[in-house]
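These protein sequence lines map, in sequence, to chains U and G.
Under our numbering, the residue at position 151 of the first sequence is numbered 151, and the numbers go up by one with no gaps.
Under our numbering, the residue at position 558 of the second sequence is numbered 558, and the numbers go up by one with no gaps.
If you're looking for bench data, these hints aren't it; they were derived computationally from the structure.
Since no wrong hints were added, every one of them can be taken at face value.
Not everything, but these chain G residues come out facing chain U in the computed CB check (under 7 Å):
(1) G189
(2) N192
(3) N193
(4) L196
(5) T197
(6) T272
(7) L351
(8) E352
(9) G400
(10) G642
(11) T668
(12) L672
Just so you know, even glycine gets a beta-carbon here, dropped at the ideal spot from N, CA and C.
Below are the chains, spelled out letter by letter.
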Amino acid sequence: MSLKLTVNQKAVQADASPDTPLLWVLRDHLDLKSAKYGCGVGSCGSCTVLVDGRPVRSCITPVSAVAHAQITTIEGLSPDGTHPVQKAWQEVDVPQCGYCQSGQIMAAVALLERTPKPTDEQIDTAMQGNLCRCGTYARVRKAIHTAAGQPALRD
Amino acid sequence: MSALAGGGLALGLYEQPFRGAFAAAQQPPGRGGLSPHAFLEIHADGTVTIQSKNPEIGQGVSTMLPMLIAEELDVEWSQVRVEQAGLDERAFGPQFAGGSMSTPMNWEPLRRVGAAARQLLITAAARKWGVAETECSTDAGKVVHAASKRSLGYGELAQDAASLPLPDASTLKLKDARDYRIIGKPLPGVDNNAILTGKPIFGIDVKLPGMLYAVYQKCPVFAGKVKTANLDALRGMPGVRHAFVVDGKVKATPIVDSDPGMEPGIAIVADTWWQAQVARKALKVEWDFAAGSEAAPAMSSQGFADQAEKLLKEPAAHTIRTYGNAETALKTAAKIVEATYAYPFLTHGTLEPQNATAKFDGGKLEIWTTSQAPGGGRQLVAHQLGIAESDITIHMVRAGGGFGRRLMNEYMVEAAWIAREVKAPVQVMWSREDDIAHDAYRPGGWHGLKAGLDAQGKVTAWQQHLITYGQGQHTAPSADIGGDEFPSGRVPNYFIGHSTMPLWLRTGPLRAPGANAYAFVGQSFLDEIALAAGRDPLDLQLELLATVPDASGNSRLSGFNAERLAGVLKQVAEETGWRNRSRKQGTGMGIAAYSCHQGYCAEVAEVTVDAANRVRVNQVWAVADVGRQIINPSGARAQAEGGIIEAIGHLNLEITLAGGRVEQTNFTQYHLPRMRQTPQMHISWRITDNTPTGLGEPVMPAVIPAVCNAIFAATGKRVRSLPIMKSGFSLA
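The following block holds chain G by itself, in its conformation from the complex (with noise of 0.2 Å):
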């Protein structure tokens, strides 16, 4: 079977719950699913060559993807060569890496793709034999005919089944998880090789004929533009062969767009990278800070956390959700707990800088690129540049590392601005401070909450106001918050809303957007109310998510269930003996639980203070409940692992600005997570009857508050602000 370009396919079999935001063309109805010859190719020898469709950050989709297919087409897994697909949405579907999607998106479309080629081998085989098609089956890459003892290898119908009309997906018979031989297995990473190795296989490593190598200065104040820059001198520098300035397609807008594509700056072109960075070094440049806002020069975290306190002694400005009345019921409750949470800026910090690789011939593009989001590149690319898109191919590469850096794709519009503008093969590589300087940053927050309970210490009301980054009622991105946000809907009286400051600074998603912070918030001010109320923290969330919800309007709660979330909590507290656990001085345990992106996890964690304040988080217990299949077990529980890992990164991480720009520079100032300071991780699946989800994103948000928590049965001291030496901890 070959692999042609795929066409006149219905995506229609699969839903597309981002409509929106991914271009992926509709086609006309037709016989249904993604057609598998844009999937797989069947050599004479009966190997596969199966190809990946979304872009592989590290998340282990390269593996997982190929593994639906495989699984379903029954062939040996050591038969099976995953190639990285390049972009074609409307062969593939959507292609991006983000919200935990491949999973859920491709769980059915894709063992259909698999199906569909193992029915045109079946076809094949019965029309060879001359016997009808319900007398054949599979077995591991070959087709039999039990009645006859007759059989016949893919590798020898391929090119009969390539041939055949492909079957009406609607028609295919999944097989039973019983029969499963690859699905559920730990298989290990296929691209592991080539990485053990050390082979070319990151952006950063691209190399074309000919090219150059650049680097992109811009002002450290966003959108500011360049006044004087002494560009002669760096011309005369080894190895520069170009150095420019660029205006750039920023424009001012009220709040800044998370992706705004070509800043203003300085492009050094260079035959390798290291001299494009001396000469960068050599640089004397002049800004105008003020180009994109008067306003941002002044801009610091002191005056963000001041006029936070200002705005928190207000009503909120904007009511997010209400119902009952909670003003009423706090004045009549018999008590009440009140405190202020509040979370810093973040970097995403992937370890590969952003970068990416473009080269023209004649009015065709072609970029070779890391981003989470391909799709979306080639449309800021093509609108930025005034191509079409058409005229624009992807290269998908492998990233190292994304958490939703790389959904947004300016490296993309800077590459093929400079290779158009030096007629050459060009990389664009960003320095580690680049990186950290021009992000679009998780953004900081504070929340002032007040809840009541009454006589029996159950939750009357609840009251949240976050101050945020925005615009009257709107937010900058990623900085909203959800009117279904726990306990909405649980609680008799409930108030959500929130007030704006504005900000002149990209924002943008960073693993678990929103959640990565309101878990921390809400689970730890859970934790505050069951000691107010001489509760269990854990009885009392048990109690709230067995509240029957609030029937005013709960639309965007209707993907919640809260049974599941029960049921980790209760599985969670089972494995560590939670009800039993000892109350030492100076150790302690903390549990949360979180409902994102689809999963749901629950998390106990056991930490040592010692007397210097110096936390050490010694364990955590991770329940996630996915759905009724893990895919892959090896790299679930990696995606989990690497989840606590990253939870442990935000109680000790902050990104601080003063005069409008980003102060710290290298990872010498934003202290990631070492070897020393990983916990002995438990984890664990709770399967239930649903459909398998994804695993980038749940496990983490629920693991900071299960740390502080833990850090305050230690201690009694309550974490209430990230980072925790704030409060005067550190990680040990």
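Only chain U is shown next, with the shape it has when bound in the complex (with noise of 0.2 Å):
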């Protein structure tokens, strides 16, 4: 079934059945490669993209949901990762294995949109559904920190 999206900006058509979660509507039809796979049930966040500004765990929405939605993946943040949120990750040098930041920045992204000078209290609140298993979780909130302008209140 043929489905129309919008995703980065862009009109794009997806041969998907309407109860295919968006992650893997991104993946294996769109081939945007950000959003990964991580659990299926919403719990590690490692599938988090923006729709209509809103951190969602595009693993357990179905696309249909979102076929009206502006729909926002890291792709999209910049065309060569100047968005302050990348900058700030470069900054600080916060990925090990990378595999959970491209859903940790979206969420990030959001928090920002919402939250522009967050503390530490709010950063913990917002990136819970974040998992990390590496461990990065004090350079992440030190860039978002740093994406905000302001030092991180503990290193």
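Take each chain as given, in its own frame, and dock them per the hints.
The structure is reproduced here in structure tokens:
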């Protein structure tokens, strides 16, 4: 079945059944590989993308539910990695394996839209759905503060 | 200098500590060293492409290893581009990610690779100028002849240099550390930009023309076989191209192999992974659960615990090491301390599930894999599919985490097997449920401990009885303990032994195998002993470390340097004001130290525990001694941070069995640590004059007992069993 979607401000089409999770439409039909599969039950956050600016676990979101929404993936943040959050991540050298990082960044982008100068507590709450098996949490938090233009409150 | 396939090179210049385990070709002795031609290519514009030889699993070797080459080559790091090498151990030497070995195995050889390339460039320039080589030097990408004020960029010399014979590796001069411009700098990861822009660089991102996706459903009880399955119904579902049963290659053995290759199962192959997964959900399969082992379906965590309790009442069935007479010494001890410690099975939980992509072209096979041991994987595939290794090309792809899981290679066999069957390129990807159900788990265990103290509070006897999995004296993979386990050799009377129970489940290495459990046991028990002796646990440890080891056959202890462990303990004590620590109800500090994988690490943890017994780990101080040079301080710190978070995970996690199968199915039942559980971390290095060693594993083990000892300091309650929920605590 041919579905019309708006992804990274472009109109695209995908030949997928309406109950296919958005994650798999992005990965297997639109060749956008940034959103990852980690658990398939919305528990790890590595599939996080933005739907109308809000962070969404694309592994449990049927594509039919987002047919009329603006979907943003990390590929759409900037043409070359120069979004302030991407730059902060580079400055702090956040990634270890990197598998969770796309989800972390999209969740961070959404947080900073709503809360431009978040406290540590607000960051912990907003980011609690994003698992990092390697343990980059301290650097993720620091990078969010850096992107917000404020010094990290603790190292 | 063009990247030609290396050949005819001796690998003799560095040690291969795991000689038996890795099948690197032994070349006849020659001019020595690995060839720079395999590792680097200098382009006409002076930029350099360097091959990163080892699998990248997040431990940062794709940045660190090229730094070693670039430093001695003498180029600006900004001129370097890094590429992941393919598997070619004749050219690159052993290629694996495990044992924290990348640093110690490559520190010498890769610097020599860079230095050899630099020497070739000097020779080429000297010939061009008609001057003596000794009059030439290099400076960040150029060869310089000071006397005549001439210089040539590496780009201009590369072609000439490539045709010269390789220098004798033993004649190469390496830089003095004072002159380092790259080594010792906190350089950001070379793949950061790709990661931050969502480039398809992971195993599951591999996509080939005409590729199909497969799920491989195996029996929840290891090696169970298919009795019936509704494959006809599946074959009609959208996108499904094939559905078939595989008998597999697993043989029943008394101890289950950590990596037995192709297990029996059902392959479902479709146009997209999701379509294969949807078809799998419609699968109705009847298993013969006992096909691998009749006893298997009866196995349970409760059953193991009951058996362990019985075995602990008896003496150890097998002695691992003994000297003096611990039994007698205990009878005459002024004080005895006795305790049982226990810890559960754990799963690795790499965030990227296991996967591999395979493609046949005629009789030739290509595999794209995230394996930590690709050479072993190629051997396994060759053996199980009946193909020659020389017909298999391995492409190494970035892994979304390793932690030891990817030392096992069954997913490579699955992909190759299914690709061969369906005659198309295939990516097998495991669901999270597959990943948790079909791991080679960190084995659980029980330790019965008994220590004797004299009137001065010195330890006179130590008895340790490990209840573990195996058969007779043989233990399941990663379920063994060594005769050198601390404080072996440092107390006058010592015994360590084990008793085994049968297990029908795969076990295998998890980050810091053995150490990840035994540090918890030994360092917590020492804390108990210190308390009983009325002494500070720091003093008790330092006293044990200062003791000259027992002379009776300490061969496995020869690597352990007590002074280095004492050194990090003293440093962390100083950094934390340990001796003046406050003792307020509800907060506490704990200390522990451990040496593994050639590193030495001491930690102090500070926790608060509230009235509902919720534990918050506020701060962790870690002091690590991994030799004279931290190669990339940013990457090094990252490994220490990751190790600390991993340890905090161990406080909270368990895998349990019932009916022969694992009960937990997804992360909703296996609670890995989250951002709010991250402590403030203070990491420092104790620099000692020793060869640099790795950081993937050494920081993690002692954090667990440091936290548990801190919980005791805060509450007066001792954690002897993991996860901490078993003692009524939870992680806040």
